[in-house]
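Counted the way UniProt numbering counts, the sequence shown spans residues 1 to 214.
It should be emphasised that the hints constitute simulated quantities derived from the structure, not laboratory data. Check before you lean on any hint, since a few could be wrong.
Straight-line alpha carbon distances no greater than 16 Å define the calculated EDC-like cross-link-like pairs of lysine to aspartate or glutamate that follow [claimed, not checked]:
| # | residue 1 | residue 2 |
| --- | --- | --- |
| 1 | 152 | 129 |
| 2 | 152 | 98 |
| 3 | 49 | 11 |
| 4 | 152 | 11 |
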Amino acid sequence: MAGTSVGRAVDQIRRMMRSQELLPGQPLRQEALAERLGVSRVPIREALKSLEAEGVVRHRPNVGYTVTRLSADELQQSSLMRAALESTVLRRITRLSDARLVELDELNRGIEAAAEAADVLRMTELNHDFHFVIFRSSGLDLIVDEIERIWKMTEPYRSVHLYDQAARRRLVSEHRRLIDALHKGETATAISILDAHRDHPAPHSPGAVLPAPG
1 MAGTSVGRAV
11 DQIRRMMRSQ
21 ELLPGQPLRQ
31 EALAERLGVS
41 RVPIREALKS
51 LEAEGVVRHR
61 PNVGYTVTRL
71 SADELQQSSL
81 MRAALESTVL
91 RRITRLSDAR
101 LVELDELNRG
111 IEAAAEAADV
121 LRMTELNHDF
131 HFVIFRSSGL
141 DLIVDEIERI
151 WKMTEPYRSV
161 HLYDQAARRR
171 LVSEHRRLID
181 ALHKGETATA
191 ISILDAHRDH
201 PAPHSPGAVL
211 PAPG
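Let the sequences and hints guide you as you build the complete structure.
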């Protein structure tokens, strides 16, 4: 789908969420999105259906589509689910190949460059790629697919802390430590680093940080 007009619309709408151009709870008007993205309403409609299936947007009869807005309890549940699933995935990885380690290092260098440039959108995209290179190496595709669903649904909340320079630099540093632990095959250390890494956005996550639009 990525190469189709629908796939491109999905990617562009997702980028608008990552950049906070679209906020949780915000109505999604198909006409406005079509004009903004320079396409007809047909791919927009199909893109919104696809995003609804991911849980990223919600649809209500007589209301239409809105960006999914999660409660504090839902955010806490998503964090607990990620902790359980991501730990399971890491335990399956005994040691990453040299090629994978090089790929992770290159991605983290890109994240560092984006961090120094305060390019949060680019940083968010590369951060996703970094983590899923690790997760996909486990071979536990069904579990990783579920992790990715949770990541997509919570992304607008998780990226907020990256607007802080210290948080951006901390993320890059923790990635280096994670790469080192994976290189040494130290699974318990990698899980511990990932747990701490995951917890940083928590104080910023509840909806108070992302005001209801409108």
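Quick rundown of the hints versus the structure:
1. 152 x 129: holds (12 Å)
2. 152 x 98: Given that 16 Å is the threshold and the Cα spacing comes to 29 Å, the pair is violated.
3. 49 x 11: Given pair residue 49, residue 11 holds - Cα atoms ~13 Å apart, limit 16 Å.
4. 152 x 11: holds (12 Å)
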